[in-house]
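Turn these sequences into a full structure, and let the hints steer you where they fit.
In terms of my numbering, the sequence shown opens at residue 22 and continues consecutively.
Just so you know, not all the hints are guaranteed correct.
What the hints assert, rightly or not - Straight line, CA to CA, 16 angstroms or less: simulated EDC-like cross-link-like pairs of lysine to aspartate or glutamate: (1) K419 with E292; (2) K160 with D116; (3) K191 with E500; (4) K512 with E292; (5) K237 with E64; (6) K516 with D474; (7) K251 with D129; (8) K218 with D239; (9) K320 with D456.
No lab work stands behind these hints, which were simulated from the structure alone.
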Amino acid sequence: MMNKLWLRGIQVGAVAALLGVSIPQQTTQAASKQTLNWTETAELATADISQATDTLSFNVLLNTQEGLYRFNKKGQPRLALARKAKVSEDGLRYDFWLRPHAQWSNGDPITAQDFVYSWQRTVNPKTNSQDAFYLYQIKNAEEINQQKADLKTLGIKAVSKHHLTVNLTKPVPYFKKLLAWPLFFPQNQKVVEQYGKSYGTSSQKTLASGPFVLKKWDGSSSSWSLVKNKHYWDQKRVKLQKINESVVKDPQTGLSLYENHKVDATILAGEQVPNYQGQAAFTPRKSSNMSYLTVNQKKVPALKNKKLRQALSLTINRSQLVKHVLQDKSLTPQGFTPQGLAKDPQTGQDFAKSTLVKSAVGTNVKKAKKLWRQGLKETHTKNLNLTLTIDDTATDKKTGEFIQGSMAKLPHLKVTLKTLPKVQRLTQERKGNYDLVATKWQSVFSDPINFLDIWETGSSYNASGYQDSKFDHYLDLSENKYANQPQKRWKVLQKAERRLLQQQPLIPLYQATQAQLLNPQVKGIVYNGSGVPYDFKLAHFTKE
22 MMNKLWLRGI QVGAVAALLG VSIPQQTTQA ASKQTLNWTE TAELATADIS
72 QATDTLSFNV LLNTQEGLYR FNKKGQPRLA LARKAKVSED GLRYDFWLRP
122 HAQWSNGDPI TAQDFVYSWQ RTVNPKTNSQ DAFYLYQIKN AEEINQQKAD
172 LKTLGIKAVS KHHLTVNLTK PVPYFKKLLA WPLFFPQNQK VVEQYGKSYG
222 TSSQKTLASG PFVLKKWDGS SSSWSLVKNK HYWDQKRVKL QKINESVVKD
272 PQTGLSLYEN HKVDATILAG EQVPNYQGQA AFTPRKSSNM SYLTVNQKKV
322 PALKNKKLRQ ALSLTINRSQ LVKHVLQDKS LTPQGFTPQG LAKDPQTGQD
372 FAKSTLVKSA VGTNVKKAKK LWRQGLKETH TKNLNLTLTI DDTATDKKTG
422 EFIQGSMAKL PHLKVTLKTL PKVQRLTQER KGNYDLVATK WQSVFSDPIN
472 FLDIWETGSS YNASGYQDSK FDHYLDLSEN KYANQPQKRW KVLQKAERRL
522 LQQQPLIPLY QATQAQLLNP QVKGIVYNGS GVPYDFKLAH FTKE
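Next comes the structure, spelled out in structure tokens:
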């Protein structure tokens, strides 16, 4: 028996070495030292708050940085770097008083000016932040980002070293939730300017304001560490001394590492789930993460034809995808906005279920072929060759192959798969270098607008060429005229969702649920299914 275990350990080490996985110490030893060994399925893209766009980057930033608020385990924002907050009666002015002894990881004091600089840097058009539009509710932010106003006119001011004021253009009911998101966290101007364009491209070129400090990341490495920040204002409550994060893209390798006590957590592939359900380690992670295809109407002019887009969607059987390919408890989509994200303020009805457009998420191959032939005729197209860009994880590869097989049912269509590491895929997607791309959107806060506004004309995330004045009008009403009228706002958001699905600039695939194995000794991780998922601040090991 001992020989078998020894050989198995050698096999795990060999496979991991072959795949470039950094094997940490035994988890039993790590537990006594409060060291968490964690796995990720993709490389870290950036540690720059103003440049982050993906969930993993924000997850690292959430744990290495701190904002005015931090979410508790119930998903409610609670004061963090701010010790006190005050909101005006009209909801347009926020005052914050910072903790006077808060420091950066280099010992510099964290001041109100650090927030001013951070927000100014994000909306500065020279920064070219893809997420700058999230700050548009702050006075003059949109005008500054569009080069119509001076940077100094942004509605944020350091009244004193520890007193900060923020002025909004309109009341924003979810503003405190936004402030708990890393995009709104402070940045140290001295350090950012010291490294210039290379800031945030390696662990040596960053600075931490949160529970942990990023270490051993060179910008492209497949592993990195988060080490306890001794200068963190609340460091007494941080129990973990270190988090070792390793990129493991193959679920079987991840499972072997977990079973051999090399890592404390791993994501299961669908076919692995039945063997672990019911065990103490099995942890299903429900989320508001929507997987979908973006159809590039700009790069492929024929795809401006709605019938062609609808036909592509109608070939995909989402139930089969979820049940037989993913097998991980993911959900079939009701639309683009995920189920469980938001409910009607009066009736409590789920938003996604109330806006269902069956033709956008259903399967009908016969109808798909009819629409396809009509679309080809209308666009004077004989044959169409499309490339589907996907991430290089095992799950994404299986999903891509399923979609490729589904679309093969359409005549005069050839779909070729192109596999890229996630970081490269994100870059190509942003540049619009794709025909079809399999991508994901994870909410930042629990409101439908967080999904819908990425399809607005001019959105930094809308590189597909989709434009629709009626859709834009609905969003404008929800954010302005009806901003403080919950029921009317809800109605126009419903109209916007239905309009989006009817136009089909995207093809919903599934609402992701990750099946995770987590060491039962690990407690205190705050999981947020409708935002940045993992907060390790209060995580710790308990004795068996």
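### Query
Does K237 pair with E64 here, judged by a C-alpha cut-off of 16 angstroms?
With Cα atoms ~13 angstroms apart, K237 and E64 stay inside 16 angstroms; holds.
### Query
Holds or violated: K512 with E292, Cα cutoff 16 angstroms?
violated, 41 angstroms
### Query
Does D116 lie within 16 angstroms of K160 when you go C-alpha to C-alpha?
Judged against 16 angstroms, a Cα distance of about 15 angstroms means the pair holds.
### Task
Compare the distance between the alpha carbons of K191 and E500 with 16 angstroms, and conclude whether the hinted pair is satisfied.
holds, 9 angstroms
### Query
Does K218 pair with D239 here, judged by a C-alpha cut-off of 16 angstroms?
Within the cut-off at roughly 15 angstroms; holds.
### Message
Tell me if the straight-line CA distance from K516 to D474 falls inside 16 angstroms.
### Response
With a Cα-Cα distance of about 13 angstroms, the restraint between K516 and D474 holds, given a limit of 16 angstroms.
### Query
Has the given pair, K251 with D129, been kept, meaning a C-alpha gap of at most 16 angstroms?
holds, 13 angstroms
### Query
Do the alpha carbons of K320 and D456 lie within 16 angstroms of each other, as the hint requires?
holds, 7 angstroms
### Query
Is the Cα-Cα distance between K419 and E292 16 angstroms or less?
With a Cα-Cα distance of about 12 angstroms, the restraint between K419 and E292 holds, given a limit of 16 angstroms.
Going down the numbered hints, you'll see the structure goes against just number 4.
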